[in-house]
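**Q** Chains as they are written, first to last, in numbering that gives the first Met the number 0: chain A, 0 to 275; chain B, 0 to 275.
Simulated from the structure, these hints should not be mistaken for laboratory data.
Any given hint might turn out to be false.
Copies of the same chain look alike in the list, so a pair counts if it fits in one copy or across any two.
SDA-like cross-link-like pairs, simulated, lysine to any residue; straight-line CA separation at most 25 Å [claimed, not checked]: (1) Lys137 - Arg10; (2) Lys122 - Thr54; (3) Lys17 - Asp142; (4) Lys163 - Gln259; (5) Lys17 - Gly143; (6) Lys122 - Gln31; (7) Lys122 - Val169; (8) Lys163 - Asn200; (9) Lys137 - Asn200; (10) Lys137 - Val49; (11) Lys163 - Arg135.
Quick caveat: nothing in here was measured; it's all calculated off a predicted structure.
Number of protein chains: 2
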Amino acid sequence: MNELQLVERLRRLSPASKELTLGIGDDCAIFQPRAGEELLFTTDQMIEGVHFTRTRSASSIGERALARSLSDVAAMGGEPKFCMVAMACSDTKWIEGFYRGLLRLAKRTGTALAGGDLASDNKFHCDVMVCGSVPRGKALRRDGARAGDTIFVSGKLGKPWDRKIEPRLVLGQGLRGSASACIDLSDGLSLDLHRMCVASNVAAEVDRVPVFRGSTIERALHGGEDYELLFTLPKNAKPPSGVTRIGQIARGEPGAMTFQGRPLAPLGYDHFRKAT
Amino acid sequence: MNELQLVERLRRLSPASKELTLGIGDDCAIFQPRAGEELLFTTDQMIEGVHFTRTRSASSIGERALARSLSDVAAMGGEPKFCMVAMACSDTKWIEGFYRGLLRLAKRTGTALAGGDLASDNKFHCDVMVCGSVPRGKALRRDGARAGDTIFVSGKLGKPWDRKIEPRLVLGQGLRGSASACIDLSDGLSLDLHRMCVASNVAAEVDRVPVFRGSTIERALHGGEDYELLFTLPKNAKPPSGVTRIGQIARGEPGAMTFQGRPLAPLGYDHFRKAT
Numbered sequence: 000m001n002e003l004q005l006v007e008r009l010r011r012l013s014p015a016s017k018e019l020t021l022g023i024g025d026d027c028a029i030f031q032p033r034a035g036e037e038l039l040f041t042t043d044q045m046i047e048g049v050h051f052t053r054t055r056s057a058s059s060i061g062e063r064a065l066a067r068s069l070s071d072v073a074a075m076g077g078e079p080k081f082c083m084v085a086m087a088c089s090d091t092k093w094i095e096g097f098y099r100g101l102l103r104l105a106k107r108t109g110t111a112l113a114g115g116d117l118a119s120d121n122k123f124h125c126d127v128m129v130c131g132s133v134p135r136g137k138a139l140r141r142d143g144a145r146a147g148d149t150i151f152v153s154g155k156l157g158k159p160w161d162r163k164i165e166p167r168l169v170l171g172q173g174l175r176g177s178a179s180a181c182i183d184l185s186d187g188l189s190l191d192l193h194r195m196c197v198a199s200n201v202a203a204e205v206d207r208v209p210v211f212r213g214s215t216i217e218r219a220l221h222g223g224e225d226y227e228l229l230f231t232l233p234k235n236a237k238p239p240s241g242v243t244r245i246g247q248i249a250r251g252e253p254g255a256m257t258f259q260g261r262p263l264a265p266l267g268y269d270h271f272r273k274a275t
Numbered sequence: 000m001n002e003l004q005l006v007e008r009l010r011r012l013s014p015a016s017k018e019l020t021l022g023i024g025d026d027c028a029i030f031q032p033r034a035g036e037e038l039l040f041t042t043d044q045m046i047e048g049v050h051f052t053r054t055r056s057a058s059s060i061g062e063r064a065l066a067r068s069l070s071d072v073a074a075m076g077g078e079p080k081f082c083m084v085a086m087a088c089s090d091t092k093w094i095e096g097f098y099r100g101l102l103r104l105a106k107r108t109g110t111a112l113a114g115g116d117l118a119s120d121n122k123f124h125c126d127v128m129v130c131g132s133v134p135r136g137k138a139l140r141r142d143g144a145r146a147g148d149t150i151f152v153s154g155k156l157g158k159p160w161d162r163k164i165e166p167r168l169v170l171g172q173g174l175r176g177s178a179s180a181c182i183d184l185s186d187g188l189s190l191d192l193h194r195m196c197v198a199s200n201v202a203a204e205v206d207r208v209p210v211f212r213g214s215t216i217e218r219a220l221h222g223g224e225d226y227e228l229l230f231t232l233p234k235n236a237k238p239p240s241g242v243t244r245i246g247q248i249a250r251g252e253p254g255a256m257t258f259q260g261r262p263l264a265p266l267g268y269d270h271f272r273k274a275t
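The whole structure should be built from the sequences, with the hints applied where relevant.
**A** What follows is the structure, encoded as structure tokens:
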């Protein structure tokens, strides 16, 4: 199978999209935005030896690679539109498995495959960009948390890696107009809450966290890759069902956090701390 | 310098954009498209050991990484809007040099830096996605070449790697409404012309090619990374200045090509041929 044949095959397998005037196969994809909408853009890498090892199945990596970016779209309250996939690998079977997993989730979430880039490399790495949309002015941001707001998370935290990621798209869309701030939990609660607090210029007091069965408090507080939503609501707002209240936003040094009254450090995963 | 500090710095250095409601720093960037425009999307990787070696300067790699995607936008007649940069590297100095080169070209072409992803990896690799825009229905495609059309290229072909890439944005925009087909020369004239002919269901007869001084006909026909535009105009249309007529589109087996009357094979660079 050469590049042209693979591209032809992907073109046939991509979910349909009315707004994608031109999909895979030209120098660029062409997208026709709908009036009254803003577009969301996010991109995430999956690198062999950094984010995963080949003990994982190719299809689970493909699914996760897309899920990570979809989770960012969910955190902004968006609806996914399309993705672009840049990938380097030298193993055709692995590439097929990767796309099988990615396209399965793409189909389930209505995300078209608009294009990408392929290169041959002995180590697998990919970058998945997702474009989503929100009604104008309705995107959820991380900088709107205010002292007195209540903090919630979806799902349980500290999940093991082999759990499927279900991007919280429906929850995120339902929070438009009510959440004062929202972020997705990709690098661990402590680091992602810290980021939200720094952006919002506030502090946070965490009372409890919902721990995934068999996991630990430590992992629930600092472990990465939960891909749940962390969000704040004004004090007396009614939360959607199935979420857990974990604390409240407070005045104080921006980014300062406590857990059950004691200081909580932002220990989650910072890719870059290693590099300095 | 940790991830947050690097991100802060990039945010300050990014060219301004009115349509970018929210740039670097949240889960997604927010973009407000203008009415009456379609958006173009393309993505290109640069991988150490595949596309370049560290004998090149970091800033030249950063510039080239953006230029490759801008060249795709040029080939569709587009105006660049913003880019997203996903990068893996473990050398802070290299990253700074990379962004210096990339942002220099971004500034020159009015391309905002909307966001990206950073990871630490011992081998450098990056993926640059660019979003551009065109008035609705005006994008140049590769599938519109018709028998009798004249074939042109910009610049000289067979350039050495260390030449700067100047994405042909002004030329591409000027071809809107007149060119019947357009593609950028990234993988070599023979392969890219073949792709245009296959997409357009036509054959091509090449009479001559403009060879870069010191290069060879072979390199001009089959060498990659020229980043010039290859386009077709209806028979009697007046070409823009500074381009070279190289042949004409003909009836025949889709993708079949001749050079000075003899068969021309599509020998340009196919990343994937190696992988099978």
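**Q** One pair to classify: Lys17 and Asp142, alpha carbons no more than 25 Å apart. Within, between, both, or neither?
**A** between (33 Å within a copy, 20 Å between copies)
**Q** My question is about Lys163 and Gln259: at a cut-off of 25 Å on alpha-carbon distance, are they close within one copy, between copies, both, or neither?
**A** Close neither inside one copy (30 Å) nor across copies (58 Å); limit 25 Å.
**Q** How would you label the pair Lys137, Arg10 (within, between, both, or neither) given a Cα cut-off of 25 Å?
**A** Result: close only across copies, 23 Å inter versus 32 Å intra.
**Q** How would you classify Lys122 and Gln31 at a CA-CA limit of 25 Å: within, between, both, or neither?
**A** neither (36 Å within a copy, 37 Å between copies)
**Q** With 25 Å as the alpha-carbon cut-off, assign the pair Lys163 and Arg135 to within, between, both or neither.
**A** neither (31 Å within a copy, 40 Å between copies)
**Q** Please work out whether the CA atoms of Lys122 and Thr54 approach to 25 Å or closer within one copy, between two copies, in both situations, or in neither?
**A** Classified as both; 14 Å inside a copy, 21 Å across copies.
**Q** Is it within a copy, between copies, both, or neither that the alpha carbon of Lys17 lies no farther than 25 Å from that of Gly143?
**A** between (34 Å within a copy, 22 Å between copies)
**Q** Checking an output row: Lys163 and Asn200, CA cutoff 25 Å. Within, between, both or neither?
**A** For Lys163 and Asn200, neither the intra-copy (34 Å) nor the inter-copy (44 Å) Cα distance is at most 25 Å.
**Q** One pair to classify: Lys137 and Val49, alpha carbons no more than 25 Å apart. Within, between, both, or neither?
**A** neither (35 Å within a copy, 42 Å between copies)
**Q** Between the shortest in-copy and the shortest cross-copy C-alpha distance, which are at most 25 Å for Lys122 and Val169: within, between, both, or neither?
**A** Neither. Shortest intra-copy (35 Å) and inter-copy (38 Å) distances fail the 25 Å Cα cut-off.
**Q** Cα distance capped at 25 Å. Does Lys137 pair with Asn200 within a copy, between copies, both, or neither?
**A** within (21 Å within a copy, 45 Å between copies)
Hints 4, 6, 7, 8, 10, 11 from the earlier list are contradicted by this structure; the remaining hints agree with it.
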